[in-house]
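K.L.:
One-letter residues, chain by chain:
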Amino acid sequence: MQTKYMNPYLAGFLLGLLLVATVYITGRGLGASGAVKSMTVQVVESVTPNHAEHTKFYKEYLSEHTGSPLKSWLVFEVIGVLIGAFISGLVSERLNLTLEHGPRINSKIRIFGAITGGLLFGFGAQLGRGCTSGAALSGMAVLSSGGILTMIAIFGGAYLFAYFFRKFWI
Amino acid sequence: MGPLVPDVISNDFNYIIALVIGVAFGAILEQAGFSTSKKLVGLFYGYDFTVLRVFFTAGIVAMFGIIMLDHWGYLDVNLIYINPTFVGAAIAGGLIMGLGFVIGGFCPGTSVCAAAIGKIDAMYFILGSVIGILIFAEGYPLWEDFYKAYNFGGIRIFDTFGISQSLFAFILTSIALLAFWATSIIENKVNGISKPAIRFTPYYLGLTAVGVFIAVSAFMFPPKKAGLLEMVENLEFVNSYPLKEITSDELAYRMMEGDKKLQIFDFRTSEEYRKQSLPNSILFSIDNFFEKEPNRFLSLANRVNVFVLNEELTERKIAVIAKELGYNNIRILSGGIKTFDKLILNFDKTQTPQNKVEETTFAFREKASVKIPEMIKNNKSKGGVEKKLKRVVGGC
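Here the protein sequences come in this chain order: Z and D.
Positions 18 to 187 (the working numbering) are the ones given, in order, by the first sequence.
Positions 60 to 455 (the working numbering) are the ones given, in order, by the second sequence.
Just so you know, the hints here were simulated from the structure itself, not pulled from any lab data.
Heads up, a few of these hints could be off.
[Said to hold, decoys possible] Okay, the calculated beta carbon distance ranges per label pair:
# : chain 1 : residue 1 : chain 2 : residue 2 : range
1 : D       : Gly198    : Z       : Leu87     : 20 to 26 Å
2 : Z       : Lys76     : D       : Leu264    : 55 to 61 Å
3 : Z       : Ser85     : D       : Met315    : 52 to 58 Å
4 : D       : Thr267    : Z       : Ser63     : 25 to 31 Å
5 : D       : Leu201    : Z       : Leu79     : 19 to 25 Å
6 : Z       : Lys76     : D       : Ile345    : 43 to 49 Å
7 : D       : Ala241    : Z       : Ile126    : 28 to 34 Å
[What the hints assert, rightly or not] Calculated pairs, EDC-like style, for lysine to aspartate or glutamate (alpha carbon to alpha carbon, straight line, at most 20 Å):
#  : chain 1 : residue 1 : chain 2 : residue 2
8  : Z       : Lys73     : D       : Asp204
9  : Z       : Lys73     : D       : Glu203
10 : Z       : Lys76     : D       : Glu203
[Claimed, not checked] Beyond 10 Å from chain Z on every Cβ pair, some chain D residues (computed):
#  : residue
11 : Glu292
12 : Asn387
13 : Ile389
Every residue, glycine too, gets a C-beta built ideally from N, C-alpha and C.
Chain Z on its own, in the form it takes in the complex:
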């Protein structure tokens, strides 16, 4: 049996406190997409080091970061997210290998949607310098104009396009 979810306002309150603590301790906010980027750069660097050395994006990344791409704050944080979410799922009895999809589509379409959506999000997060965590939430906390602009664009865009993909969900 699954336990009920936490009250959203309480969850938001706790998340806000966590974000304040993060900024107070480290001077930076939370994030997620950056870790996926570090992972991607690491993979490219190990698989085709020659390519990484000659492609501008990786060159810029490697010149801005010292040491292994995986030795980054966000990579450690996201490993923590995996652990934390797993423990939470364990405690609330929500651990289950499932593929969720809307009532009007099958698993194949869901997988296609998930990959496409991930692809767009991954690309957009690079262009927008952060995702919902790194740009929108953390940006809002420090009242960064760019972060808030990205937040409006993410949610505005989602509402704009939601109608066309309603079959995926309802």
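Place chain D on chain Z using the hints.
P.N.:
Same frame as chain Z, now just chain D:
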């Protein structure tokens, strides 16, 4: 004073902190229900506004928390990471992410969270985001110009609008509360539920009370700095405040001896300081007390910190502020720089000593009146406190 990295907490230990913060982050997201795409996209179809509630509440709480820490001098906002503003890339990137959100049903953080509890669709989403990043990386020269265009730097939203931080915080909070109310009505309509949108249960009232307390305390109580500045306007209080003094003669003696313990903090304007200042003195201001790097100088152990200004009274006021802020090793120059100038630099040689003590004093002052101007001349002015700490590098 925060941020605690890198001086209180080392950069290596910061990785452990990252792990711990991540665990809490993941647990909160999972408990809130962010580990299922059905709940996440509910926001865009009106049947579940959990995301909006969690996200907006977190943003508002964090915003007030940071304002509060800044307000009371616990956090140097000049050092924290402010996401830079590249207008074109922010809008285009955001729209693409929005599209990805309604197609994929996750965002990067929530996909990691959902994958951790076994959601297969989330694992595919992560695979997709790796591909997306690869495409961005490989095609980088194509969009590099756009990516770096319209750069406004680390500008903050209230500056963009030209309003005060408090006003913006108030407006944003009002929007959030309005959104909570309106979306509850929409949610009930979509789901065919007829309970009132706002219920005043003790639970919600308690949460609201805490929120209001945080918000009010960030603005109603005067900031530490303003409070202290007002306090030192009370002359009776300032004059009766116990402060250690240093005489012009002792200061001159320590300077001539090259006393390593001596640190002179010059609080005059930078013009006056540049025109002429005591050897090895540091240009300082009240604002420096509230900045992380400069106030390290004041916290060094075994130093004789001398505050100098033209008048003793203003020296006193600043010393009182410093003492109230917890800096103890402070002395003020008796009579201020004016007296120092008169007694030492412009020593009147025509005076005749009346007794033995004056005789030695005058002999010393005569020597000092030659040597110290020389030291001043040769002095490479230190200027203000060099700020070596840079903004934290953050972002995704």
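K.L.:
None of the hints should be skipped; say for each whether it holds.
P.N.:
Results for each hint:
1. Checked against the given bound of 20 to 26 Å, the beta carbons of Gly198/D and Leu87/Z, roughly 24 Å apart, stay inside it.
2. Roughly 56 Å separates the CB atoms of Lys76/Z and Leu264/D, a value that falls within the hinted 55 to 61 Å.
3. Judged by the Cβ atoms, the range 52 to 58 Å given for Ser85/Z and Met315/D holds: they are separated by roughly 55 Å.
4. Between Thr267/D and Ser63/Z the beta carbon distance is about 52 Å. The supplied range of 25 to 31 Å is therefore violated.
5. Between Leu201/D and Leu79/Z the beta carbon distance is about 20 Å. The supplied range of 19 to 25 Å therefore holds.
6. Against the hinted window of 43 to 49 Å, the Cβ-Cβ separation of Lys76/Z and Ile345/D comes to about 46 Å, which satisfies the hint.
7. The supplied range of 28 to 34 Å is met by Ala241/D and Ile126/Z, whose beta-carbon atoms lie about 32 Å from each other.
8. A hinted pair counts as satisfied when its Cα atoms are at most 20 Å apart, and Lys73/Z with Asp204/D qualifies at roughly 13 Å.
9. Note on Lys73/Z and Glu203/D: the hinted pairing holds, with a Cα-Cα distance of about 10 Å set against a maximum of 20 Å.
10. A hinted pair counts as satisfied when its Cα atoms are at most 20 Å apart, and Lys76/Z with Glu203/D qualifies at roughly 13 Å.
11. Consistency note on Glu292/D: stated as away from chain Z, and its beta-carbon is indeed over 10 Å from all of that chain's, at 32 Å minimum.
12. Non-interface call for Asn387/D relative to chain Z: holds, since the shortest CB-CB distance, roughly 25 Å, exceeds 10 Å.
13. For Ile389/D, the requirement that its beta carbon stay farther than 10 Å from each beta carbon of chain Z is met, with the minimum near 28 Å.
Hint check: a violation occurs at hint 4 only; the rest are consistent with the structure.
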